[in-house]
Amino acid sequence: MKSKTTPIIIALAIPIVSVALAIALIYFKKRNVSGLDEFPYAAYSASPESLRGNRYVLEAQMDVQLANVEGGRVVAALGGREGFPVAVLVPDSLGANISAKQRYALVVRVGEGGRIIAESMEKY
Amino acid sequence: MNFFKAALPFFALSAASAQMMVSGIPGAPSPAPAAPAQPAAPQPAAGGAPARPPSAGIFESATAERFADRIFDVNSDSVDTDGNLRWKGKTFSVGDSRIVRARFERYLSMPAGDGDFEKYGAILAEIEAQLAANNDAISPESIRYAWSRLFDAAEYPIDGDSSLVIANLVYLSWRMRDEYETFKTAEADKERDVKTAKSYAKERAEFMEYAADKLKRNSPSRSRNSQSAPTFGTADLGYRLQELQRQVAELAAAKALKESAAAKAVLQFQSQILAFVLERKFQQAQIAAMFYRHIYRGNAQELKVGREQVKDLVQVSNFTPTSDALEMIAIDARKDVSDGMAAVETLYDKGDRYAALERLLETFLLGEHDVKLAVFPSEKREVLRKIYKRATTAKELADAKDWGGVEEVVGEISALAPDFPAREILSKVKTAERASDMALIAAKQAAAIGAADDVKKNMERAALLWPLNPGIQSFNDELLGLTKGISTYVKKFDENLERGNLRDIMDEAPEYGIAFKNDPERAKKLREIVVKISQIDSLIAQAAEFERQKSPYFAWDILENASRIDSSDPVLARAVARLAPEVSDYVKALNRAKAAEEKKAFASALNYYLAAQKIFPASQACRMGIERVAPKY
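Chains A and B, in that order, give the protein sequences. Heads up, the first sequence is in this note's numbering, so the first residue is 1 and it goes up one at a time. Heads up, the second sequence is in this note's numbering, so the first residue is 1 and it goes up one at a time.
Keep in mind that the hints are not guaranteed to be accurate.
[As the list claims (entries may be wrong)] Derived pair list, reagent style DSS-like, types lysine-lysine, alpha-carbon separation capped at 27 angstroms:
id, chain 1, residue 1, chain 2, residue 2
1, B, Lys-588, B, Lys-600
2, B, Lys-335, B, Lys-350
3, A, Lys-101, B, Lys-614
4, B, Lys-550, B, Lys-588
5, A, Lys-123, B, Lys-614
6, B, Lys-632, A, Lys-101
[To be verified] Some chain A residues judged to face chain B by a derived CB distance under 7 angstroms, without partners named:
id, residue
7, Ala-46
8, Pro-48
9, Leu-51
10, Gly-53
11, Leu-66
12, Val-74
13, Pro-85
14, Val-86
15, Ala-87
16, Leu-89
17, Pro-91
18, Gly-113
19, Arg-115
Hints in this document: simulated from the structure, not taken from any laboratory. For each residue, glycine too, the CB sits at the ideal point set by N, CA and C.
Using the sequences provided together with the hints, build the complete structure.
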């Protein structure tokens, strides 16, 4: 004999499972495959040098190329959901074709003097 | 002429102002050391009218004339250049402008008439009623009663014996009528005498013819054929003929005497009516014309005298001068005067006292001798007199270009007459004062760079526009002091320069300029300081304007530029400190960028510049910073 409560349990389980899946997706999104944290803009603004040597993931929209320097080019990007402005050195070795308004997920490293250097980048 | 224009051209003052407003302050100093002000080239006036000389016309303008007209020439075309008042196509001589002005002032100063004027007016009204045109069947007794009332009217000083003049004319007419009757009787007697003399002469001549015929018939044929004529009775006939001639001559003389007596009275009467009209004594003219109409009938109504004057008075080609026409002019004028005074009263009671003065002036020209003007209340006249006198004073002050005095007097007039166009005058005064001040500033600027000639020219200009400008005196005192202590200024300049007190140097730049006239090295330094501080001041002023327009980031950007000229300037520092709280986020990012750039941490600097640019995208400082540090990333 079929239980009368089974449909109710199923009805409640569906949204709970959906929410859990969504949270998991967000979590895994932040903790990307490389296992790096998102670029901490506030901390960088307060003290760029203090992040020296760290690596982060920076999801950003390319804005404008600021300068060509030795070994690459300096690009202004708007990072995160807030669109904070950052200057990223994109080495020529990455062979990236960067255009304005394109969104990239970049693995960046904070170098000497607070310089943000892209190590890899993937359009998304 | 416009006697009011001549009387109170007060607002020649507006001239300066007017021209300035039109041409944008002629010769006004530029921020840079002023070049000598060049007078504007004369502009040909429209319609080929001669242009005003630019320099001479500095205090004259169409605006000023319009203004003067409006105030003191209530009807600019009502009084021509010969002092003739034109009213409804009639022309009256009101006399020399100065005299008319004096009469108007005297009228305003005189106490108003008490009850006497009203009694006087009542008597004249009674006489008019007695002699009204619709009362054509008026009895001799009524005319005599009206005539007797003229003597009552003559008792009042306001009458000026005009009623006596009319009474005398009436009496003269009556006496003439009696004489006329006497002359008519004498003429009848003479006609009778002539007839008698003619009869006697005829009788004698017939007797002589009869006697001669009889003598011929009774005489012999020889004697009958002779050519000799009888002489009996010839002397008597001659005497009778002479008598006849004498009687005819006497008759002609009597007729002439009768006619001349009549003509003399008519001419005198008509002359006096005309005189009353020309003197603008319209009520007297009207009463005299009424008497005339009742005393003389028919053909005597046509004017026999003063046709030329009447034609001048009434410049209408088909006008037939009659005593009735003069009476109508008088009635019309009296109505105008009455309406004018009603308007004066209404305007005054409404508080429009300046307009009331205008209307009174207008009415005075026509109805100077009218009772309605005489009974205008003295307290109101006193107020209007004060307005009139103050306006005269203002005019004199304006002639002397004492703008401060003009402002004061205009304020007094406004207190008395709220409708007085004070704002218009004061704006012109302010413009003149400002132009003078600007010339003075130009003189100081010229002094700052040691341009003595420009100092002189601009000082002259300032004095021309406003001789009593207090700034001129203080500047003169400063210049005088300079000549006494050049060495003091040299020392002070060096000390201030060493301490970086550029503002202190700037404050006394004109004095330093004069002092360093023969010291090119210090003069060069002074010039650099003046230019630098002027630039900073200009940028601070621009920033303040942006701040007022609620654009604090733009204002800050401009102050940034000023800081690049001299960041130690205390005035600039105050402006920066005042604005900083409003743009703290931007300033914070920018300061971090600058600090990082100074430490050669170009990557951090670039990121800070980008952060600051996000707050204020139009930032010039950010754009330039990014351009600087990006290649060094």
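Hints, one by one, checked against the model:
no. : hint                   : verdict
1   : B:Lys-588 to B:Lys-600 : holds, 18 angstroms
2   : B:Lys-335 to B:Lys-350 : holds, 23 angstroms
3   : A:Lys-101 to B:Lys-614 : holds, 16 angstroms
4   : B:Lys-550 to B:Lys-588 : holds, 20 angstroms
5   : A:Lys-123 to B:Lys-614 : holds, 24 angstroms
6   : B:Lys-632 to A:Lys-101 : holds, 25 angstroms
7   : Ala-46                 : violated, 10 angstroms
8   : Pro-48                 : holds, 4 angstroms
9   : Leu-51                 : violated, 11 angstroms
10  : Gly-53                 : violated, 14 angstroms
11  : Leu-66                 : holds, 4 angstroms
12  : Val-74                 : holds, 4 angstroms
13  : Pro-85                 : holds, 4 angstroms
14  : Val-86                 : holds, 6 angstroms
15  : Ala-87                 : holds, 5 angstroms
16  : Leu-89                 : holds, 6 angstroms
17  : Pro-91                 : violated, 12 angstroms
18  : Gly-113                : holds, 4 angstroms
19  : Arg-115                : holds, 4 angstroms
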